[in-house]
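Enquirer: These are the residues of each chain, in order.
2 protein chains.
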Amino acid sequence: MTRRLVIGVVAMAAVAMLAGAALAQFAKPEDAVKYRQSVMFLIGQHFTRMAAVVKGEAPYDKAAFEQNAVLVDTLYKLPLAAFLVPGSDKGSGMKPEALAEKDKLTQMHNTTEAELAKLVAAAKSGDLNAIKTQFGAAGASCGACHKAYRK
Amino acid sequence: MTRRLVIGVVAMAAVAMLAGAALAQFAKPEDAVKYRQSVMFLIGQHFTRMAAVVKGEAPYDKAAFEQNAVLVDTLYKLPLAAFLVPGSDKGSGMKPEALAEKDKLTQMHNTTEAELAKLVAAAKSGDLNAIKTQFGAAGASCGACHKAYRK
Numbered sequence: 001m002t003r004r005l006v007i008g009v010v011a012m013a014a015v016a017m018l019a020g021a022a023l024a025q026f027a028k029p030e031d032a033v034k035y036r037q038s039v040m041f042l043i044g045q046h047f048t049r050m051a052a053v054v055k056g057e058a059p060y061d062k063a064a065f066e067q068n069a070v071l072v073d074t075l076y077k078l079p080l081a082a083f084l085v086p087g088s089d090k091g092s093g094m095k096p097e098a099l100a101e102k103d104k105l106t107q108m109h110n111t112t113e114a115e116l117a118k119l120v121a122a123a124k125s126g127d128l129n130a131i132k133t134q135f136g137a138a139g140a141s142c143g144a145c146h147k148a149y150r151k
Numbered sequence: 001m002t003r004r005l006v007i008g009v010v011a012m013a014a015v016a017m018l019a020g021a022a023l024a025q026f027a028k029p030e031d032a033v034k035y036r037q038s039v040m041f042l043i044g045q046h047f048t049r050m051a052a053v054v055k056g057e058a059p060y061d062k063a064a065f066e067q068n069a070v071l072v073d074t075l076y077k078l079p080l081a082a083f084l085v086p087g088s089d090k091g092s093g094m095k096p097e098a099l100a101e102k103d104k105l106t107q108m109h110n111t112t113e114a115e116l117a118k119l120v121a122a123a124k125s126g127d128l129n130a131i132k133t134q135f136g137a138a139g140a141s142c143g144a145c146h147k148a149y150r151k
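Protein sequences appear in the order of chains C and H.
Residue numbers for the first sequence follow this note's numbering, so the first one is 1 and each next one is one higher.
Residue numbers for the second sequence follow this note's numbering, so the first one is 1 and each next one is one higher.
Honestly, the hints are just simulated from the structure, not real lab data.
Hints may contain errors.
One copy or two, it doesn't matter: identical chains are merged, so the pair holds either way.
Result set (BS3-like, lysine-lysine): computed pairs, CA atoms no more than 27 angstroms apart in a straight line [what the hints assert, rightly or not]: (1) K77 - K124; (2) K124 - K55; (3) K62 - K28; (4) K62 - K95; (5) K28 - K55; (6) K28 - K104; (7) K62 - K151; (8) K95 - K147; (9) K55 - K147.
The shape of chain C in the complex, shown without the other chains (with noise of 0.2 angstroms):
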């Protein structure tokens, strides 16, 4: 095998792993559903809030900021198990094609993962142009992945 076929087979294995692991964790694909609504609807919240300073609607507070981008950042590693358990496209926001192309979304959440991870080390650093720039990029991720996924 080629390298790069080597590399391929090893992330679908990996996603199957994962899949199996996502039906071990939810006793019913609606429990997944709710997982992800419940983890999404609290990531809004709270991404808002830092919206809110982004757009200076909010004063800049270092502390009350790094809390919610490390809750954000804590929030967002919960729900890729939950995205995908078949058939949980049903009742939901999700598009099937989420499910049809697993290694893809999976790629995606590791994006924004990675994305996140450096928000929150933006948010340490107190410098609120970085975190302004880092926050933006931060959101066409979580946007990229809703415009492709989300119905």
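With the hints as your guide, set chain H onto chain C.
Expert: Chain H in isolation, oriented as in the chain C frame:
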């Protein structure tokens, strides 16, 4: 003023400040309800995963148990402000008494927070007997508040 009275006044002032912060954090009472429900659903999911281990229905994996304990501890720190939003008993599982007894609710919340911190410590120790005991104490603390303030 007596020492006890001073402590009482300070505690009430702290609750009033929290209530003010709660109002500022949510655009409308419905958001506070959804915020609480999201947090509680996620806590329920991860608490159940720990319960399965405590009951011997799932194998004990130190790292996984610790991850669940830390996550529940992190999540539980979030919703207190959302419980104090005026009008947020409507269309929710919270009894109106919770809003009328904010200081008692806050005190119960703080007790549970302390129990969850102890659960994290037990989880980090890796002593399954200590974990089981503290899991019971934390669960009882959750139950006491549910009994008092959940419909």
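Enquirer: It remains to establish, for every hint, whether it holds in the given structure.
Expert: Each hint tested on the structure:
In this assembly of identical chains, K77 and K124 lie within 27 angstroms of each other by CA distance both inside one copy and across copies; the values are 19 angstroms within and 21 angstroms between. Taking CA atoms no more than 27 angstroms apart as the test, K124 paired with K55 passes inside one copy only; the shortest distance there is 19 angstroms, against 40 angstroms between copies. Taking identical chains as interchangeable, the C-alpha atoms of K62 and K28 lie at most 27 angstroms apart only when they sit on different chains, with a minimum of 26 angstroms there against 41 angstroms within one chain. Proximity of K62 and K95 under a CA criterion of 27 angstroms is satisfied in neither setting, with 37 angstroms inside one chain copy and 36 angstroms between copies.
With identical chains, the CA atoms of K28 and K55 are at most 27 angstroms apart between copies only, with a shortest distance of 21 angstroms across copies and 40 angstroms within one. Proximity of K28 and K104 under a CA criterion of 27 angstroms is satisfied intra-copy only: 24 angstroms inside one chain copy versus 36 angstroms between copies. Proximity of K62 and K151 under a CA criterion of 27 angstroms is satisfied in neither setting, with 35 angstroms inside one chain copy and 39 angstroms between copies. When the C-alpha separation of K95 and K147 is checked against a cutoff of 27 angstroms, the pair qualifies only within one copy, where the shortest distance is 10 angstroms, while the shortest distance between copies is 40 angstroms.
In this homomeric assembly, K55 and K147 come within 27 angstroms of each other (Cα to Cα) only inside a single copy, at 23 angstroms, whereas the closest approach across copies is 43 angstroms.
Checked against the numbered hints given earlier, this structure breaks hints 4, 7; the rest are met.
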